[in-house]
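**Q** My request is simple: use the sequences and hints to build the entire structure.
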Amino acid sequence: MRRQGWAALCAVTTLVLSGCKEREVAGTWSNSSGSVALSRDDSLLYVVDADNGILAVVDTARREKVSEVRVGPRPERVAVGPDDTVYVTNRGGRSVSVIRKGDAVEAARVEVGVEPTGMALSPDGSTLYVVNSAMRESAARGSLTAIDTGTLTARWELPLGEEPRGIALLEDGRKAAVSLFRQGDVMTVDLSDANQPQVMRGGTDLLAKANRPSPSAAPSEFEPLPMNPQQGPRSFRSRGMVDLLSAPDGRRLFAPVLWSREDPLGGPVDGRGPNPGESMYGGGTPCGASAGGGVVAAGLITFDAEDEAPRPVVDDLDECKPPPEEKPDYPTSLVASPLFDTPLQGPAAAVVDPTGAWLFLVNQDSNNVAILPSWRRSGSDLVNETSPVRQLIAVGAGPNGIALTRDGRKAYVYNAFDHTVSTLGSSGNAFGDIREEGERLVIVGDTLTPMAAAGRRLFFSAVDARMTSPSVAVSCASCHLEGREDGHVWGFPDGPRQTPSLAGRMTTATAPFHWSGEFSALGDFMSATVKDRMGGQELDADTVAKLGAFIDAIPAPDNAFHGEPLTASQTRGAALFTQAKCDTCHTGAALTDNRNVDVGTFVLSGVLQDAAEVIKTGLNTPSLLGVSRTAPYLHDGSAPTLKARLMNGRETNLHGTTAGLSDADMDDLVAYLETL
Numbered sequence: 004m005r006r007q008g009w010a011a012l013c014a015v016t017t018l019v020l021s022g023c024k025e026r027e028v029a030g031t032w033s034n035s036s037g038s039v040a041l042s043r044d045d046s047l048l049y050v051v052d053a054d055n056g057i058l059a060v061v062d063t064a065r066r067e068k069v070s071e072v073r074v075g076p077r078p079e080r081v082a083v084g085p086d087d088t089v090y091v092t093n094r095g096g097r098s099v100s101v102i103r104k105g106d107a108v109e110a111a112r113v114e115v116g117v118e119p120t121g122m123a124l125s126p127d128g129s130t131l132y133v134v135n136s137a138m139r140e141s142a143a144r145g146s147l148t149a150i151d152t153g154t155l156t157a158r159w160e161l162p163l164g165e166e167p168r169g170i171a172l173l174e175d176g177r178k179a180a181v182s183l184f185r186q187g188d189v190m191t192v193d194l195s196d197a198n199q200p201q202v203m204r205g206g207t208d209l210l211a212k213a214n215r216p217s218p219s220a221a222p223s224e225f226e227p228l229p230m231n232p233q234q235g236p237r238s239f240r241s242r243g244m245v246d247l248l249s250a251p252d253g254r255r256l257f258a259p260v261l262w263s264r265e266d267p268l269g270g271p272v273d274g275r276g277p278n279p280g281e282s283m284y285g286g287g288t289p290c291g292a293s294a295g296g297g298v299v300a301a302g303l304i305t306f307d308a309e310d311e312a313p314r315p316v317v318d319d320l321d322e323c324k325p326p327p328e329e330k331p332d333y334p335t336s337l338v339a340s341p342l343f344d345t346p347l348q349g350p351a352a353a354v355v356d357p358t359g360a361w362l363f364l365v366n367q368d369s370n371n372v373a374i375l376p377s378w379r380r381s382g383s384d385l386v387n388e389t390s391p392v393r394q395l396i397a398v399g400a401g402p403n404g405i406a407l408t409r410d411g412r413k414a415y416v417y418n419a420f421d422h423t424v425s426t427l428g429s430s431g432n433a434f435g436d437i438r439e440e441g442e443r444l445v446i447v448g449d450t451l452t453p454m455a456a457a458g459r460r461l462f463f464s465a466v467d468a469r470m471t472s473p474s475v476a477v478s479c480a481s482c483h484l485e486g487r488e489d490g491h492v493w494g495f496p497d498g499p500r501q502t503p504s505l506a507g508r509m510t511t512a513t514a515p516f517h518w519s520g521e522f523s524a525l526g527d528f529m530s531a532t533v534k535d536r537m538g539g540q541e542l543d544a545d546t547v548a549k550l551g552a553f554i555d556a557i558p559a560p561d562n563a564f565h566g567e568p569l570t571a572s573q574t575r576g577a578a579l580f581t582q583a584k585c586d587t588c589h590t591g592a593a594l595t596d597n598r599n600v601d602v603g604t605f606v607l608s609g610v611l612q613d614a615a616e617v618i619k620t621g622l623n624t625p626s627l628l629g630v631s632r633t634a635p636y637l638h639d640g641s642a643p644t645l646k647a648r649l650m651n652g653r654e655t656n657l658h659g660t661t662a663g664l665s666d667a668d669m670d671d672l673v674a675y676l677e678t679l
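Take 4 as the starting number for the sequence shown in the working numbering and just add one per residue.
Since the hints were derived computationally from the structure, they do not count as laboratory data. Note that the Cβ used here is the ideal one computed from N, Cα and C, for glycine as well. Mixed in with the good hints, there may be bad ones.
[Stated by the list, open to error] Label-pair ranges, simulated between beta-carbon atoms:
1) D208 / K330: 16 to 24 Å
2) I396 / K104: 26 to 34 Å
3) E309 / A524: 40 to 48 Å
4) T570 / P216: 22 to 30 Å
5) E567 / N656: 28 to 36 Å
6) S42 / M203: 30 to 38 Å
7) T156 / R43: 46 to 54 Å
[Stated by the list, open to error] Keeping only pairs whose Cα atoms sit at most 16 Å apart, straight-line, the calculated EDC-like set for lysine to aspartate or glutamate is:
8) K104 / E71
9) K413 / D62
10) K68 / D596
**A** Printed below as a string of structure tokens:
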């Protein structure tokens, strides 16, 4: 543990707490998150720009960019060691760049796993832990790599769960918590043996706690009308857990998430759209949150880190209050905006201030930073009683990183779509009066075409009136996380529908669109989605073209199996792909013939059933490009793996001529599919 100048911190106007006392700060606490970090003396700000593949260095006193370092492709995050060595995860390069303070070039580039993201340094700086979204040997699992910062070599790689992203160290580095992006949960890793790490727990009871049975709960005025007699109570799932951050004393962890509905969504069935003026995505938000969206809302999960493994402390979202066994001394699990016309959506990064009193939440889709208490949910200093947010500060487009100075007086936010830095500070005139200071510092220019750059802002916007309304406040990225998919199955009126990936799939050239293929033109599909579901407007041709340009520019997920030449198993699988007639539907450059078919996967029983009109017309053949990174599979997400999909019903020959294939054949076919 290390001590800070606590008297100075307690004197900071914006962060002061009554009864502020000197306390210890854990060596594992970080004052930054995402795409920005500060040098140990706060004199230099480091910014990674994914589009340009650079690390920019900014002199904070002069507010000038003083240099830039070329790093690997699509740099994701940056961290600074105790000796001021800078580390950057190159998500598109399976590597970590190492830059010494004052240098304008990389000192080294260390190979790690597939799509590295989160990082954490041991308190003594001797070990860098890197979270890999996938392994080179398995797309179904990510991993944690430990790098010796002295020799810049990997000590070990530990397999984890699916799509891990963020990491926070606990107990002075003896344990680590790792976030699972699509599952919205946390794993715990034992690091006490430097050479033999072990997974302690693969998850928590987070979802069970958030969805406690509440038979006595009174219906909410925001509850949608039942879709059918089988509809049960609302249920919620956390997704998009990109980050984990620790309180300064190490006793708590916080994880920004998106809460999504899992129960049937209201609205007519059998292919009919919502009535005029209605939005399928509006309403049904827990606690009646203003500007919190309907089926997707920003959240913050608190974890008690004092147990053997982090324990989630979470609201009963259907009851809209803490459960009886929990004391309400933690932030609400749903972070609603305090202002109806100023949404809060798409949490992408967060940090707790040095006092441990306030949490800064960066919201990429609403272009703002929310400041809320990290230890309570209400009080006279909050804007209103329905929101835990003390202040909501507008910044630039697409913010995805934040760093606080160690005295707590300033914050720096990187606006990734503008390629600018916002500086936040206190006016010094009133408690909590934080504002953006001066002009935004331009770091670099666009590499996307003007059309694609404009389309990206539209795609990620939960505030543009063309795309959504304050009563819904969602973006395209609320479901298509990062332009990909969220692994979530939605209870649409047409039936259960999993979010398809848009990344690297030549989407705009694969008409007709949607799972049922009911839209022959891209503009019709986008307008129906935006207007009827997201509460936006009828889209004109220019807006559709911009969105299409960005969708076509979304890079495909890194695929460790895509290489030349094929292995023996993959070669056999390629022959089986043709033998089983998979290529009759999955054909062409996009690996789809764009026809509607029935492959025996319609859901005919249970709460979420496919509508009769959809069953008549069949489902549109999806692209197989990047299929290894898009689990679970099928329109209802019922197949957790590619092999599970092939094995289930193979004797029917409805989904390819598979009845005569052996188990070994199936393994070879999967091996080939993973290369696509």
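**Q** State for each hint whether it applies.
**A** These are the hints, each one checked on the structure:
1. With their beta carbons about 18 Å apart, D208 and K330 fall inside the hinted range of 16 to 24 Å.
2. For the hinted restraint 26 to 34 Å between I396 and K104, the CB-CB distance of approximately 30 Å keeps it satisfied.
3. Take E309 and A524: their Cβ atoms lie about 56 Å apart, and the range 40 to 48 Å is violated.
4. Remark: the range hint 22 to 30 Å for T570 to P216 is contradicted by a beta-carbon distance near 49 Å.
5. Checked against the given bound of 28 to 36 Å, the beta carbons of E567 and N656, roughly 32 Å apart, stay inside it.
6. Checked against the given bound of 30 to 38 Å, the beta carbons of S42 and M203, roughly 34 Å apart, stay inside it.
7. Separated by about 24 Å at the C-beta atoms, T156 and R43 break the suggested range of 46 to 54 Å.
8. Distance check on the hinted pair: K104 and E71 sit about 12 Å apart at the alpha-carbon level, within 16 Å; holds.
9. The straight-line distance between the Cα atoms of K413 and D62 is roughly 14 Å, inside the 16 Å bound, and the hint therefore holds.
10. The suggested pairing of K68 with D596 is violated, with an alpha-carbon distance near 50 Å, which exceeds 16 Å.
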